[in-house]
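All chains should be modelled from the sequences, with the hints used to inform the complete structure.
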Amino acid sequence: MRYSEWDVNLKVRLYGEAFVDISFWMIFPFLTLYFSETLGRTTAGILLITSQLITAFTGLLGGFLADKFGRKRMLIVAISGEIMCFVLFAFARSSLINSPLLVLIAFTGVSIAGSFYQPAAQAMIADVVPEKHRAYVFSIFFTMLNIAVVVGPLLGAVLYINYPVQSVIVIIILESILLLALVKLTHETAPSVLGKEPAPKQTIGAVLKEQFASYKVVLRDKLFLMFIIAGILTMQTIMQIDMLFPIYIKEVIPTTVNFLTMTLNAEQVFAITLAINGFIVALTAIAVTKWMSRYKEGLVFVLSCIFYAVGLIIFGSSISVWQFIIAMIVFSIAEVMVVGFQQSFVARIAPIDNRAMYFSASGLRNTIGRVIAPLMVTISVGIGYFPTFVVMAILALISGVIYHFVFKMEQRKLTTE
Numbered sequence: 096m097r098y099s100e101w102d103v104n105l106k107v108r109l110y111g112e113a114f115v116d117i118s119f120w121m122i123f124p125f126l127t128l129y130f131s132e133t134l135g136r137t138t139a140g141i142l143l144i145t146s147q148l149i150t151a152f153t154g155l156l157g158g159f160l161a162d163k164f165g166r167k168r169m170l171i172v173a174i175s176g177e178i179m180c181f182v183l184f185a186f187a188r189s190s191l192i193n194s195p196l197l198v199l200i201a202f203t204g205v206s207i208a209g210s211f212y213q214p215a216a217q218a219m220i221a222d223v224v225p226e227k228h229r230a231y232v233f234s235i236f237f238t239m240l241n242i243a244v245v246v247g248p249l250l251g252a253v254l255y256i257n258y259p260v261q262s263v264i265v266i267i268i269l270e271s272i273l274l275l276a277l278v279k280l281t282h283e284t285a286p287s288v289l290g291k292e293p294a295p296k297q298t299i300g301a302v303l304k305e306q307f308a309s310y311k312v313v314l315r316d317k318l319f320l321m322f323i324i325a326g327i328l329t330m331q332t333i334m335q336i337d338m339l340f341p342i343y344i345k346e347v348i349p350t351t352v353n354f355l356t357m358t359l360n361a362e363q364v365f366a367i368t369l370a371i372n373g374f375i376v377a378l379t380a381i382a383v384t385k386w387m388s389r390y391k392e393g394l395v396f397v398l399s400c401i402f403y404a405v406g407l408i409i410f411g412s413s414i415s416v417w418q419f420i421i422a423m424i425v426f427s428i429a430e431v432m433v434v435g436f437q438q439s440f441v442a443r444i445a446p447i448d449n450r451a452m453y454f455s456a457s458g459l460r461n462t463i464g465r466v467i468a469p470l471m472v473t474i475s476v477g478i479g480y481f482p483t484f485v486v487m488a489i490l491a492l493i494s495g496v497i498y499h500f501v502f503k504m505e506q507r508k509l510t511t512e
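Using this note's numbering, the letters of the sequence shown map in sequence onto residues 96 to 512.
It is possible that part of the hints are untrue.
As the list claims (entries may be wrong) - Quick list of the computed label-pair ranges, beta carbon to beta carbon:
| id | residue 1 | residue 2 | range |
| --- | --- | --- | --- |
| 1 | M179 | P286 | 27 to 33 Å |
| 2 | S175 | E100 | 26 to 32 Å |
| 3 | T356 | A382 | 29 to 35 Å |
Just so you know, these hints were derived from the structure itself, not from any lab. Nothing here was measured: the structure is a model prediction, and the numbers come from that model. Think of the CB as a built atom: it goes at the ideal place given N, C-alpha and C, for glycine as much as any other residue.
Now the structure itself:
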């Protein structure tokens with residue numbers, strides 16, 4: 096599918112989200128370190144778990160509201176919420192207040208807004224892109240995100256570490272531009288909304304009751320439910336890039352270390368490994384998606400989980416920059432193998448009038464995975480780093496087993512229909 100054939104919504108989002116993501120990744124990877132240093136590793140882990148539990152609950156509303164009230168409206172609401180939370184973030188990080196707890200509240204608010212944004216954004220792609228091109232388009236957006244993962248941390252290691260408030264102000268400006276573009280240039284795509292009168296106003300209680308009744312139906316889909324469970328176990332490994340990885344690097348890297356011709360501190364070593372992850376995914380995602388499409392999806396998902404497990408074991412035994420880089424390369428291979436296929440699978444099995452709801456429920460892989468991820472930070476205090484990495488590797492392998500059964504179930508379902 097050529098870019099010229101893309102719906103205008105996708106073009107606006109691709110460029111707008113690119114600049115916002117770069118700015119966001121300037122600060123996000125360094126937040127776990129900030130909370131760990133200011134609040135303590137155990138307290139930070141517990142508070143981050145609480146934050147993500149709240150996000151997991153509120154995230155369920157995103158898909159329901161996107162199906163009921165429209166994709167565009169939810170994108171606008173979500174970005175508006177993010178802007179307000181980043182304003183709070185800037186005040187909390189300023190020298191006048193400097194409150195880690197207030198920063199955590201702002202971070203939680205940003206996460207909640209993001210959980211409203213993503214189901215609508217993903218469902219919008221499914222609305223306007225034919226099924227045979229969806230994996231490719233999803234991979235384009237994923238590639239753009241990983242370009243941000245490359246550029247953002249490298250900028251953040253210099254800019255955010257030294258100018259935290261100014262960096263957040265840049266995000267506020269860019270998100271305001273994206274908000275204006277969404278309002279002025281995009282159009283609605285939700286099948287349940289197009290051509291209909293606006294939905295009648297309901298109380299929050301009525302909306303929640305209707306929402307949970309709908310999700311009860313979605314989660315009765317055993318195939319989809321197993322996919323979510325496998326995804327949660329996989330995502331807890333991916334989320335360690337933001338959680339345990341930077342803390343572990345900070346522990347094992349001295350104040351400074353020589354690498355090639357550079358002298359680096361722990362934050363810069365982390366930024367380099369994170370940038371390598373984003374660079375590999377951004378550089379190879381589209382090509383690997385096309386390559387992996389030749390093979391059975393079930394095999395691809397299982398192999399990805401095996402690579403995750405190997406990468407975790409290598410990372411947990413690393414003590415030098417080069418070892419961290421090798422571990423991240425293996426980790427990145429695991430990630431890039433399934434780019435696009437996860438969203439494509441959800442779009443394939445979801446009923447057309449419940450797409451956003453399915454995408455929102457599939458987002459539980461991210462939200463619950465992010466809940467488990469801080470738990471590993473707390474566990475590492477008790478059993479040590481390497482045993483914690485082994486536990487995560489085992490969970491990744493269990494995920495691979497579940498994926499194997501998911502795709503066997505789908506094949507049997509298609510055979511009987």
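For each hint, the structure was consulted:
no.	hint	in the structure
1	M179 to P286: 27 to 33 Å	holds (31 Å)
2	S175 to E100: 26 to 32 Å	holds (30 Å)
3	T356 to A382: 29 to 35 Å	holds (31 Å)
Of the numbered hints stated above, none is contradicted by the structure.
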